[in-house]
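Undergrad: Residues per chain are reported as follows:
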Amino acid sequence: MNWLIAILQGALFIILAPLLAGWLKYCKCHLQNRKAPSLLQPYRDLIKLSNKQPVVSDQASWLFITAPYLIFSATALAATVVPLVVVDLPTSASADVIVMVGFFAFARFFLALAGLDIGTAFGGMGSSREMTISSLAEPAMLMAIFTLTMTASTTNLSGAIAHVLNEGLVLRPSFVFALFALILVAVAETGRIPVDNPSTHLELTMIHEAMILEYSGRYLALIEWASQLKLMLYGVLIANIFFPWGISETLNPKDLGYGLLAILGKLALLAIFLAIAETLVAKMRLFRVQEYLSFAYLLGLLGMLSHIILEASR
Amino acid sequence: MNIEQTDFYTQAILSIAALIGLMSFLMLGQSRLLRLIFVFALQGFLLTLTTSLAAHSLHNPHLYISAALTLILKVIFIPWMLRREVLHMNIHRDVQTLKNKTFIMLGGASLMVFSYYVLHPIVQTTAPVMLNALAVSLSVVLLGMLLMISHRQAVAHVVGFMSIENGLFFAAIVATKGMPMVVELGIAFDVLVAAVLFGIFFLHIRSSIDSLDVDLLNRLNEIEK
Amino acid sequence: MIAAYFVLLIPLAGIIFFAIANSKMDMGKINVYFNAICLLATLWLAINVLNQGTILSTSKAFLVDSFNVYLIVLTAFIGLTTSIFSAPYMAHEKEIGKLTDRRLKLYYTMYQGFMLAMYLVLTTNNLGIMWVAMEGATLATVLLVSLYRTPESIEAAWKYFILCGVGIAQALFGTILLYYAAMQIGDGSNALLWSVLYENAQQLNPEILEIAFVFLLIGYGTKIGLVPLHNWLPDAHSEGPTPMSAVLSGLLLNDALYAVVRNKMLVDGTTHSNIAGYLMMGFGLLSFLVGALFLHRQKDIKRLFSYSSIEHMGMMTFAFGIGGSLATYAALLHMTVHSLTKSAIFVTVGHAAQIAGTQRIEKIRGLIRTQPQVGWGLLIGTLAIAGFPPFGVFTSEFLVLLATMHSYPWLAPLVLLGIGIAFAGLFRHIQPIVYGERPEGQLPVKANLWPVIIHLGLVLWLGLSIPGFLAHWFSQATVLISGSAPL
Numbered sequence: 001m002n003w004l005i006a007i008l009q010g011a012l013f014i015i016l017a018p019l020l021a022g023w024l025k026y027c028k029c030h031l032q033n034r035k036a037p038s039l040l041q042p043y044r045d046l047i048k049l050s051n052k053q054p055v056v057s058d059q060a061s062w063l064f065i066t067a068p069y070l071i072f073s074a075t076a077l078a079a080t081v082v083p084l085v086v087v088d089l090p091t092s093a094s095a096d097v098i099v100m101v102g103f104f105a106f107a108r109f110f111l112a113l114a115g116l117d118i119g120t121a122f123g124g125m126g127s128s129r130e131m132t133i134s135s136l137a138e139p140a141m142l143m144a145i146f147t148l149t150m151t152a153s154t155t156n157l158s159g160a161i162a163h164v165l166n167e168g169l170v171l172r173p174s175f176v177f178a179l180f181a182l183i184l185v186a187v188a189e190t191g192r193i194p195v196d197n198p199s200t201h202l203e204l205t206m207i208h209e210a211m212i213l214e215y216s217g218r219y220l221a222l223i224e225w226a227s228q229l230k231l232m233l234y235g236v237l238i239a240n241i242f243f244p245w246g247i248s249e250t251l252n253p254k255d256l257g258y259g260l261l262a263i264l265g266k267l268a269l270l271a272i273f274l275a276i277a278e279t280l281v282a283k284m285r286l287f288r289v290q291e292y293l294s295f296a297y298l299l300g301l302l303g304m305l306s307h308i309i310l311e312a313s314r
Numbered sequence: 001m002n003i004e005q006t007d008f009y010t011q012a013i014l015s016i017a018a019l020i021g022l023m024s025f026l027m028l029g030q031s032r033l034l035r036l037i038f039v040f041a042l043q044g045f046l047l048t049l050t051t052s053l054a055a056h057s058l059h060n061p062h063l064y065i066s067a068a069l070t071l072i073l074k075v076i077f078i079p080w081m082l083r084r085e086v087l088h089m090n091i092h093r094d095v096q097t098l099k100n101k102t103f104i105m106l107g108g109a110s111l112m113v114f115s116y117y118v119l120h121p122i123v124q125t126t127a128p129v130m131l132n133a134l135a136v137s138l139s140v141v142l143l144g145m146l147l148m149i150s151h152r153q154a155v156a157h158v159v160g161f162m163s164i165e166n167g168l169f170f171a172a173i174v175a176t177k178g179m180p181m182v183v184e185l186g187i188a189f190d191v192l193v194a195a196v197l198f199g200i201f202f203l204h205i206r207s208s209i210d211s212l213d214v215d216l217l218n219r220l221n222e223i224e225k
Numbered sequence: 001m002i003a004a005y006f007v008l009l010i011p012l013a014g015i016i017f018f019a020i021a022n023s024k025m026d027m028g029k030i031n032v033y034f035n036a037i038c039l040l041a042t043l044w045l046a047i048n049v050l051n052q053g054t055i056l057s058t059s060k061a062f063l064v065d066s067f068n069v070y071l072i073v074l075t076a077f078i079g080l081t082t083s084i085f086s087a088p089y090m091a092h093e094k095e096i097g098k099l100t101d102r103r104l105k106l107y108y109t110m111y112q113g114f115m116l117a118m119y120l121v122l123t124t125n126n127l128g129i130m131w132v133a134m135e136g137a138t139l140a141t142v143l144l145v146s147l148y149r150t151p152e153s154i155e156a157a158w159k160y161f162i163l164c165g166v167g168i169a170q171a172l173f174g175t176i177l178l179y180y181a182a183m184q185i186g187d188g189s190n191a192l193l194w195s196v197l198y199e200n201a202q203q204l205n206p207e208i209l210e211i212a213f214v215f216l217l218i219g220y221g222t223k224i225g226l227v228p229l230h231n232w233l234p235d236a237h238s239e240g241p242t243p244m245s246a247v248l249s250g251l252l253l254n255d256a257l258y259a260v261v262r263n264k265m266l267v268d269g270t271t272h273s274n275i276a277g278y279l280m281m282g283f284g285l286l287s288f289l290v291g292a293l294f295l296h297r298q299k300d301i302k303r304l305f306s307y308s309s310i311e312h313m314g315m316m317t318f319a320f321g322i323g324g325s326l327a328t329y330a331a332l333l334h335m336t337v338h339s340l341t342k343s344a345i346f347v348t349v350g351h352a353a354q355i356a357g358t359q360r361i362e363k364i365r366g367l368i369r370t371q372p373q374v375g376w377g378l379l380i381g382t383l384a385i386a387g388f389p390p391f392g393v394f395t396s397e398f399l400v401l402l403a404t405m406h407s408y409p410w411l412a413p414l415v416l417l418g419i420g421i422a423f424a425g426l427f428r429h430i431q432p433i434v435y436g437e438r439p440e441g442q443l444p445v446k447a448n449l450w451p452v453i454i455h456l457g458l459v460l461w462l463g464l465s466i467p468g469f470l471a472h473w474f475s476q477a478t479v480l481i482s483g484s485a486p487l
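These protein sequences, in sequence, are chains A, B and C.
Be aware that the first sequence starts at 1, since it is given in the working numbering, and climbs by one per residue.
Be aware that the second sequence starts at 1, since it is given in the working numbering, and climbs by one per residue.
Be aware that the third sequence starts at 1, since it is given in the working numbering, and climbs by one per residue.
Same shape as in the complex, but just chain A:
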């Protein structure tokens, strides 16, 4: 029964991810006075892409073709670790947050390799930028996560969420910092404004898009889907760690239903905030990204310090 629910939750994750992307685009279009495409447009795109004949460069090796599958499955596995509607699940019990970060790193590794594989200038540039950014973003993210795990004294995500949930409303300075750090990292990792712009292919500024420039057809569909999944994953992380209220702690259908509603509401709200931020903020120069990420790291560090100084027992 537990495993069934876990698999269902994973599937839900994968299915909902394009919807979140669609909703985000919808909000953004409205904010920018444009006509919004339908909420289901990302699904249509994915279907259209997967029906198309993929074109693969004759320079490409087997790696180029296998990479999309690896990326998608690694991201999907990461998604099963994160509690979406219910906390106590065997998948999240067997793997903790460090495994999740490991899955991300795995996916990114293959994405970068695939970008290098066909040997175009853009692919290599994109890979190098992606690696630069992620090497700066990962410590910041771990800092933020460690702050949480130190509070909950476990690295297991569902355990940590349950801890926060059971404590009730406690205002923790460390969480404030960790939240900000995680938001900044999430923006950088999912390639949103101001770090990367997902909707342009302007050669000088693109990062994520540069790596996947050579993909087409179902490969592109998988990679797009994986990145939508990643966006949702970060959203769920932020929503469930810092605002866990509503998530179900039991397996009875009523609670599960409420849990689903709660997470949908939270994600919708987060997406609105993200859309507002993306509308207000301009993309920054690539060389300022390191400043941005070191600020995120500083916040993570401050979170940990304030946990030790302000909150720990003496």
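A few of these clues could be false.
[As the list claims (entries may be wrong)] On the chain B side, residues computed to face chain A include the following (Cβ under 7 Å):
| hint | residue |
| --- | --- |
| 1 | A12 |
| 2 | L14 |
| 3 | A18 |
[What the hints assert, rightly or not] A few chain C residues that don't get close to chain B, going by computed Cβ distances all over 12 Å:
| hint | residue |
| --- | --- |
| 4 | A13 |
| 5 | H92 |
| 6 | N200 |
| 7 | M265 |
| 8 | W410 |
| 9 | W450 |
| 10 | S465 |
| 11 | A471 |
| 12 | A485 |
No lab work stands behind these hints: they were computed from the structure.
All of these numbers come straight from a predicted model, not from anything done at the bench.
Idealized CB from N, CA, C, for every residue including glycine.
We have chain A already, so just place chains B and C on it with the hints.
TA: What follows is chains B and C alone, placed relative to chain A:
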């Protein structure tokens, strides 16, 4: 003492203390004047929040007055005045590169450690919360000084000066639940007069050296030029 | 107690009067009247205190005891004499076009504002209000320092504003800590009242008080001009109008020291480690020696005497730091004679600078030949401040030295050395100014030297014999501060 065992007021105070400290660090690393002023206003707003929270939780209505004063002075009037000055002087596009930014930030961090060290004897007699609040406010004071040392623009000096006042106010509210009313009114009056005087001074400095860069104020020196 | 209210209300009336007055009036003279009435009120207050002992107002907001009442009278007295000097001086500045009517009006308004702040610092019983008034004194004088609107004066005023503002913020932090310590033993409504704190000093937490005193000393010490926080002082003194230099040196520094001593009394009552005393001794001695050394390389006559102020404030801080009845008595006496002498010197220096048309030492020459009264005034004033025997400064410095030898004999050579250096530093500059060849075209100015004569006469009198009621007064204050009677 774990944070879960404290009441909501203490938790909120601690969180705001952390944020106020963060604002000071942000100001320290800021090279654009308008953003500096914005962060300063934000710090003032956090202070207002603290004061009204204290007024509410401690049933101390006179703190509402002081919250209102803070709001008017530190969040609205002074930032507005500084902003106008910056726009008027057309220096809002200047990026003032800070020399040794890393050292300044590290210096700031060590100042924070220093304030904890200085105030540590207090912990023997009171709750650690007080130590935190006082140490944060002392470090805000010291960081304000560092800001004045590291920045060259007169506007930044004023921001540093006023953020020192912010730190002191925070200490007064958290540690002592606000000073007596007369004293608080007096301090607010002083801040107001100081703000007005700063405005007058900008005018004078501008007319005398045609800039707000205080590094150019270097005529008086022990060494003959 | 009514007298104390009068003392505060008269300058307040003065502010309002000058703020709305028509600038065609003879404001200098009116300023003198205001100060004269105020002096009368302080004398009335002093007689009350002399008869009744310590007076605490019914709301406990004001406290006048033998320590501050004599400072109040001193403040009023120097305020009056300086205003007598400033009337023709400022009129002259206006004649030569350095000032406009509006700035003159600002000057007189702020003069009264400064006096009000000073009286408030001295009379208040509330340490918070004391801080507010101290800051108020900075705010009132900062525009006076930049009164001439030259780039130098604006720079000096900016420096003064920023340094004193930041410095005194430390004092507020110290005051908050003090309040915090007091809150722990009782209710908060009157926990900042000095008299209440003093009564309960035994129960206050010594650790917090020690930290608080460090901040208070740094904060008010900036105002006193203690090295290394003194940077603003020479600039502000040299660039502002001379009457301002006289009151800054004669009054503001004293009152800042008063604030420190008030707080020291509390700390002494709580801790028994004498940490406050050691800190004050250290800072005081450093200021004393550095001030004396810096005298040698000054090129500007007002800067010269402002360093002399730093040196003397250092000596007083040192003496208060030693504690003990003898040292305290000496410090109180030194406060008085220094204020009197220094303001007299600034009066003559102001005239000297007007005669020469500059403040550069090498351009001021032959004063005795140009205008003998000014030259002699400057010479005698310098003799007095350097500690020549018949004058009061000699007596007080001698007593400080005696106290040092008694308590810390190994510091006595340093004190002696400092006095010697300061003496040499002053005379190498003053001697040519007074006796040198008279430059071409140097003309006497219209000067009112009565303040100088009165001040120096008083200093001489105090040097020869301290009048009975004054000695009684000083001993009462000494008992209050140090806990034991002198001599």
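Undergrad: Hints the structure violates: just list their numbers, smallest first.
TA: No numbers; nothing is violated.
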